[in-house]
Amino acid sequence: MKGEPIGAGRRVMRALLASAGFTPLLLSLGLVSCLLAGVVRGGAASSASGLGALVLGSARVCSLAVLIALPPALLAAVHVNEFASHEARRVLARVFELSAKLPAVVFAFVGVQMLGPWVDPSGARGHLLAALTLALMLAPTLARGSVLVLQGVRQSLREGAWALGAGRAQTVLTLVLPNAAPGLSAVVLLALARALGELVIVALILEAPGAGDTLPGFIAHSARTLPDRGGPTLFLAAVVVLLCTSLLGFGARRLVEIQRLRGGLA
Amino acid sequence: MNAAGRRTRMIDGGARLLCGVTAWLLAGLLPLFAVVLALRANAAGLPWTELAGALGASALLAGLAVLLAAPFGLGAAIWLEDYLRSARLRALFEANLAALEAAPPFAFGLLVVGLGVGAGAWAGVLAIACAVVVGLTSSCRAALVEVSLSEREAGLALGGTRGRIIFHVVLPVAGRALGAALVSAFARGVGLTAPLILIFALVDAPVQTGMPLSVALFEGLSTSLPGAAGAALLLGLLSVGLDLLAAALWGREARA
Numbered sequence: 001m002k003g004e005p006i007g008a009g010r011r012v013m014r015a016l017l018a019s020a021g022f023t024p025l026l027l028s029l030g031l032v033s034c035l036l037a038g039v040v041r042g043g044a045a046s047s048a049s050g051l052g053a054l055v056l057g058s059a060r061v062c063s064l065a066v067l068i069a070l071p072p073a074l075l076a077a078v079h080v081n082e083f084a085s086h087e088a089r090r091v092l093a094r095v096f097e098l099s100a101k102l103p104a105v106v107f108a109f110v111g112v113q114m115l116g117p118w119v120d121p122s123g124a125r126g127h128l129l130a131a132l133t134l135a136l137m138l139a140p141t142l143a144r145g146s147v148l149v150l151q152g153v154r155q156s157l158r159e160g161a162w163a164l165g166a167g168r169a170q171t172v173l174t175l176v177l178p179n180a181a182p183g184l185s186a187v188v189l190l191a192l193a194r195a196l197g198e199l200v201i202v203a204l205i206l207e208a209p210g211a212g213d214t215l216p217g218f219i220a221h222s223a224r225t226l227p228d229r230g231g232p233t234l235f236l237a238a239v240v241v242l243l244c245t246s247l248l249g250f251g252a253r254r255l256v257e258i259q260r261l262r263g264g265l266a
Numbered sequence: 267m268n269a270a271g272r273r274t275r276m277i278d279g280g281a282r283l284l285c286g287v288t289a290w291l292l293a294g295l296l297p298l299f300a301v302v303l304a305l306r307a308n309a310a311g312l313p314w315t316e317l318a319g320a321l322g323a324s325a326l327l328a329g330l331a332v333l334l335a336a337p338f339g340l341g342a343a344i345w346l347e348d349y350l351r352s353a354r355l356r357a358l359f360e361a362n363l364a365a366l367e368a369a370p371p372f373a374f375g376l377l378v379v380g381l382g383v384g385a386g387a388w389a390g391v392l393a394i395a396c397a398v399v400v401g402l403t404s405s406c407r408a409a410l411v412e413v414s415l416s417e418r419e420a421g422l423a424l425g426g427t428r429g430r431i432i433f434h435v436v437l438p439v440a441g442r443a444l445g446a447a448l449v450s451a452f453a454r455g456v457g458l459t460a461p462l463i464l465i466f467a468l469v470d471a472p473v474q475t476g477m478p479l480s481v482a483l484f485e486g487l488s489t490s491l492p493g494a495a496g497a498a499l500l501l502g503l504l505s506v507g508l509d510l511l512a513a514a515l516w517g518r519e520a521r522a
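Sequence order for the protein chains is E and V.
Sequential numbering of the first sequence, starting at 1, is according to our numbering.
Sequential numbering of the second sequence, starting at 267, is according to our numbering.
For reference, chain E alone in the conformation it holds in the complex (with noise of 0.2 Å):
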């Protein structure tokens, strides 16, 4: 009976490697199921008053981090894709990855070390010097992100805009951005993810009561500060952005997919 180990052998590997399969499904129920727990622990309904303000503020310093890191990080990314040398383009581009990946927590403090001096992290001012903050952590991760959305764009395109006589800034403005558009929205929504995950640490370090005002520094404050720390709100709040976070990431996602279906991503 040659054949019986071997085909137990493989049984016992496959019910392994499927367990694993299933790790990152169980983390996301369980992530679910305990902060949900969380919320149920103290009685939801009470908690919940005030989020909507919470929500809007977050929305509002996650979309002006972002909005203030576009612009040059797309100028970047054209750069990189469309006029740098061969050897500028690859240390731009390791640069911009490395950058990308640097720990939050140390943008967060060369954000507040750097911009701290002039800008007031009182009242609204908080919003803006969380907001620089994010910026400074997301430009990088937007240009590597784009980068690779642009590098993906056919170059036969290219090459037919250039025989028509149009120009390289021409070609990029009418041919490359307008056909990048989907994977361009993908890499700004999963920017707006991490914004929104890594605001937490920009609002510990800043402690500014404009922070405060976000779902993230809400959470950041509770911990520190706050009586009921541990309490329904503060994981009423993690729901709020995990679900946030969640359906930008689907979003981006399904994005992706457009994008590749023009076949204008590897």
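Since the hints were derived computationally from the structure, they do not count as laboratory data.
All values reported here derive from a predicted model rather than from experimental measurement.
Cβ atoms here follow ideal geometry from the backbone N, Cα and C, with glycine treated the same way.
There's no promise every hint is true.
[Unchecked claim] Between beta-carbon pairs, the in silico distance windows are:
1. E/R11 <-> V/L298: 52 to 60 Å
2. V/D348 <-> E/R41: 39 to 47 Å
3. E/R14 <-> V/L284: 53 to 61 Å
4. E/P117 <-> V/R273: 43 to 51 Å
[Said to hold, decoys possible] Far from chain V, by Cβ distances over 10 Å, these chain E residues were calculated:
5. G52
6. A53
7. L64
8. V105
9. L128
10. Q151
11. R154
12. S156
13. L177
Take the given structure of chain E and dock chain V to it, following the hints.
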């Protein structure tokens, strides 16, 4: 050259200048950060002993987390790439991975608090492992995809089973890329701060000596600025070094 041609060249030149200046300014952020941190850290003597201890604690915490996450990440990658046949299930798993990859790191700190693990080193290890396992799965999948189909087909032609091909052909060929995935996960683990801070804050545990670099940076903000700047500089250099190592490993794999 006619007027239209001159205009096109002028516009192209302007666009090249604007984009180039912006790109190099953005690329200059990394060295600028290093200079700012080095100046701040040099303002007074650096607490080298504390920083070395924090570096060791970070390496230990992230190393254990990667060791814990690696079998799950690699196993999930192999299962998704080589065993899962149902397209519907694959779509579900990929959507779940996309959602988890976008999940904020602090949520994993709340998960560990919710599980009641406490605030010891193992709580930190678990939170970091949960945060890096999804990225590790994606990187391992990318590494496995890079192995050419012909290598698998050669193994099949020689009568190898799927398991044998994976362990004797695919994994050895993808070895360097898998190593790069592990180094990247380690780099990410070292930099994670929010989950650890939330665990310490919510469980109400005092931050003790031997804390990781990221927590040392955070705690150093309220006590000693040079210590915080030194920790930030060390963390940044470590991240850049590890990412370069990962890129070097992955690059060699791609050329092989």
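| field | Cβ separation check - E/S156 to all of chain V, threshold 10 Å | value | Since the minimum Cβ distance to chain V is about 20 Å, E/S156 lies beyond 10 Å and the statement holds.
| said: Within 53 to 61 Å: is that where the Cβ-Cβ distance between E/R14 and V/L284 falls? | reply: 56 Å, holds
| Was E/Q151 rightly flagged as not at the interface, with every chain V Cβ beyond 10 Å? | Answer for E/Q151: holds, closest chain V Cβ roughly 15 Å.
| message | Minimum C-beta separation from E/V105 to chain V exceeding 10 Å: can you confirm that? | response | Violated: least Cβ distance 4 Å, not greater than 10 Å.
| request: Hey, is E/G52 genuinely clear of chain V, shortest beta carbon separation above 10 Å? | output: 20 Å, holds
| Range hint 39 to 47 Å (beta carbons of V/D348 and E/R41) holds or violated | Roughly 42 Å apart at Cβ, these two residues keep to the hinted range, so it holds.
| field | Beyond 10 Å from every chain V Cβ - status for E/L128 | value | 19 Å, holds
| task | Starting from the range 52 to 60 Å, see whether the pair E/R11 and V/L298 falls in it by beta-carbon distance. | result | The hint (52 to 60 Å, Cβ to Cβ) holds, given that E/R11 and V/L298 are roughly 57 Å apart.
| task | Quick one: work out the minimum CB distance from E/L177 to chain V and report holds if it exceeds 10 Å, violated otherwise. | result | Holds: least Cβ distance 12 Å, greater than 10 Å.
| task | For E/P117 and V/R273, compare the CB-CB distance with the range 43 to 51 Å and indicate the outcome. | result | 44 Å, holds
| Does the no-contact call for E/R154 survive, Cβ to all of chain V over 10 Å? | Fine: 21 Å to the nearest Cβ keeps E/R154 off the interface.
| request: Say whether it holds or is violated: E/L64 keeps its Cβ farther than 10 Å from all Cβ of chain V. | output: 18 Å, holds
Checked against the numbered hints given earlier, this structure breaks only hint 8.
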